[in-house]
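Peer 1: These are the residues of each chain, in order.
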Amino acid sequence: MASGSSIGVGGLFENAEVTTSGRPVLRRNEVECFLLSSVDLDSEDDPPRFTALKSGNLILTTHRLIWIPSQSNEAVPFFIPLSAITHIFSHKKSIKSMFHSPRIRFQADPGSVFVTIVFRGKGDFDGFLTKFWECWRGRAWEEEEKSESETSRSGAGTVAQGLYGNDGTVRMVGLAGILRKEQEQWESTDKSLQDAFQDLNALMSKAKEMVSLAEKMRQKLLSAPSSQNGSTDDEEMGSKEEMQQWMLSVGIISPVTKESAGALYHQELSRQLADFVRIRLEQAGGMISLTDMYYHFNRARGTELISPDDLWKACTLWEKVDVPVMLRKFDSGVMVIQNKSHSDEEVMSRIRMLVTKTETLRTGVTASDAALTLKIAPAMAKEHLLTAETKGLLCRDMSPDGLRFYFNLFPEIDPTNLHLVKDFGTYGEWVKATSLLAV
Amino acid sequence: MQKLADFKLPQFFNYPPYFTLQPVRDTREKQIQLWKELILDYCKTQKVFLIGVEEDFPLFSNSAIDRTLSHEARETFLSAIVGEGRAEWLDKGHRKCLILWHRIQDWADIILHFVRENGLEDSVMTVEEIRSGTESHGTELQGIDRTILMRALKLLENKGKLALFKGTSADDEGVKFSV
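Chains as they are written, first to last, in UniProt numbering: chain A, 1 to 439; chain B, 1 to 179.
Hints were generated in silico from the structure; no laboratory data involved. A quick note: this is a predicted structure, and the numbers were derived from the prediction, not measured. Just so it is clear, CB atoms sit at the ideal spot from N, CA and C, and this is done for glycine as well. Don't take each hint at face value.
Below, simulated DSBU-like cross-link-like pairs (lysine-lysine); rule was C-alpha separation at most 30 Å, straight line [as the list claims (entries may be wrong)]: (1) B:K36 x A:K432; (2) B:K92 x B:K47; (3) A:K391 x B:K36; (4) A:K432 x B:K8; (5) B:K36 x A:K422; (6) B:K154 x B:K36; (7) A:K357 x B:K8; (8) A:K340 x A:K422; (9) A:K422 x B:K166; (10) B:K8 x A:K422.
So the derived label-pair ranges between C-beta atoms look like this [as the list claims (entries may be wrong)]: (11) A:R328 x B:T68: 33 to 39 Å; (12) A:S70 x B:E29: 49 to 55 Å; (13) A:E346 x B:S70: 31 to 37 Å; (14) B:R28 x A:R350: 23 to 29 Å; (15) A:M398 x B:G138: 41 to 47 Å.
Model the full assembly from the supplied sequences, consistent with the hints where possible.
Peer 2: Laid out in structure tokens, this is it:
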């Protein structure tokens, strides 16, 4: 959570939490709605009641207005909760406004501060204003409070006993009750099915519910260990973390869409992707193919699917933004995502371990053997083996059975004495390994 | 130890990658070098002068590990030997390769040594006698390839060490030494 520090007027701006790749960390049920670049936040009052925030990205969510500086090292990201906004002024169309950069004014508590949003770049300001109104009036933050109080009330309700239910209706008992309950359940299932398929919007909202359910469970898991400080059971923590990761992988709560981000779409997508791939990369051993990532990412997005081309564009943008992952293209044309810190040397040493075992010295390895040992996809394993071959660590054996890789013994063999086998060295070990079989 | 006739094969003959032409440059160079040495070594001890690329040359396959050299690999290894001056292609299609584990100059020296050893400095011999006569029995000249022998003799003729002349029969030639 953001710390409560503020600039200028007490409590108006709060520090916003962002990910390492510069995407805002959204709260429970918070959905990103609009994004604009080159935005200033100025104080309307005279004298100014806060230091103006110059040229940043403005992100509108269902709960907050987040301002993130475009150069991350210059300023800190801030946000204003929409609940603090008391009034949004519609902009006056005048001759003067035609020459000015478009601007929107609003008033916010505490202190009834007037804030002007100045759009210096290109973008859909009218669209932003509409969404701004929509989100502000939507009062998503209130819904949350309501649902919280509801759950506490229904929890108390289960205690109700007797012939009447706590809502006043007659409680059905016996066979009739069971049948009635069955019927009710069937009807409600039918209704929710109908609701879901009514139109795409309804389907979308159902999907959002699913995602919010997952998010809720995640939050519960997160809050659980902090409530009981004593429990530091490693195993329990491990399973919880696993559960959390699983939850996260179920869905990205607020996918960056072309609609919400506009021209900044690929850039924001690239940041979101960078955040998303990190967990995947850890699981996949530091490298994952672009095709696999496409599958995982779209599965997490649920309904707002992206095209392969968008994914590729988002990955290529990583060069320009400061993120800890990178896109890499192998000589064969296969493209993968890897951690910047990921080193080939580590993979090479693992391959060396694999091929110098007594058994594999004699038989060599296939791409699928390596995939099993390195716990990566066979296509990736093959790339690693080919890299190891290029480096002279391995050499190949083409036979009707397919392609196998062996530890490269050629450098150890003395061409001036073909029969010489030194006692030490891998060549000697190989001779031993093969002669064991002959006996 | 695995053997072809009475030839002792090196350990790496059972190393499967030895039979696949390696794509990586450094590895391939080392592989070619090892093949070059093995082929020359084999030809020298087994007195093989001619290798047909498409024929069953004993070294080109290893039944123990079920590996055979591809045509491309065979030609690559033989061409490497040719490049070193230790062999010659006999045709443009690179199908037959003459192996010179001794260069022609070395063969000429061996002939001179043979002549002196046997006191043949001013004698006359037929070419066939040099290859299979009693004097050459047990020497390196026994069973020497005719093409190689003729080239060595021509080299010596140019140096004035001998004279070649047509014999009575069409398929044999005589040599008059004048060392």
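Peer 1: Take the hints in turn and mark each one as holding or not.
Peer 2: Structure-based check of all given hints:
Of the supplied pair hints, the one linking K36 of chain B and K432 of chain A holds, its CA atoms being roughly 25 Å apart against a limit of 30 Å. Proximity of K92 of chain B to K47 of chain B is assessed by CA-CA distance (about 24 Å); at most 30 Å being required, the pair is judged to hold. For the hint linking K391 of chain A to K36 of chain B, the alpha-carbon distance of about 24 Å falls within 30 Å, and the restraint holds. Distance hint between K432 of chain A and K8 of chain B is fulfilled; the C-alpha atoms sit about 18 Å from each other, no more than 30 Å.
For the hint linking K36 of chain B to K422 of chain A, the alpha-carbon distance of about 21 Å falls within 30 Å, and the restraint holds. Of the supplied pair hints, the one linking K154 of chain B and K36 of chain B holds, its CA atoms being roughly 28 Å apart against a limit of 30 Å. Among the hinted pairs, K357 of chain A with K8 of chain B is consistent with the structure: their alpha-carbon atoms are about 28 Å apart, no more than 30 Å. Only pairs whose Cα atoms come within 30 Å are accepted, and K340 of chain A paired with K422 of chain A is rejected, the gap being roughly 41 Å.
Among the hinted pairs, K422 of chain A with K166 of chain B is inconsistent with the structure: their alpha-carbon atoms are about 56 Å apart, more than 30 Å. Our distance criterion of 30 Å between C-alpha atoms is met by K8 of chain B and K422 of chain A, whose separation comes to about 18 Å. About 38 Å separates the C-beta atoms of R328 of chain A and T68 of chain B, a value consistent with the hinted range of 33 to 39 Å. The hinted range of 49 to 55 Å is satisfied by S70 of chain A and E29 of chain B, whose Cβ atoms lie roughly 53 Å apart.
Here the CB-CB span from E346 of chain A to S70 of chain B is close to 35 Å, well matched to the stated 31 to 37 Å. Here the CB-CB span from R28 of chain B to R350 of chain A is close to 26 Å, well matched to the stated 23 to 29 Å. Evaluation of the 41 to 47 Å hint for M398 of chain A and G138 of chain B yields a pass: the beta carbon distance comes to about 44 Å.
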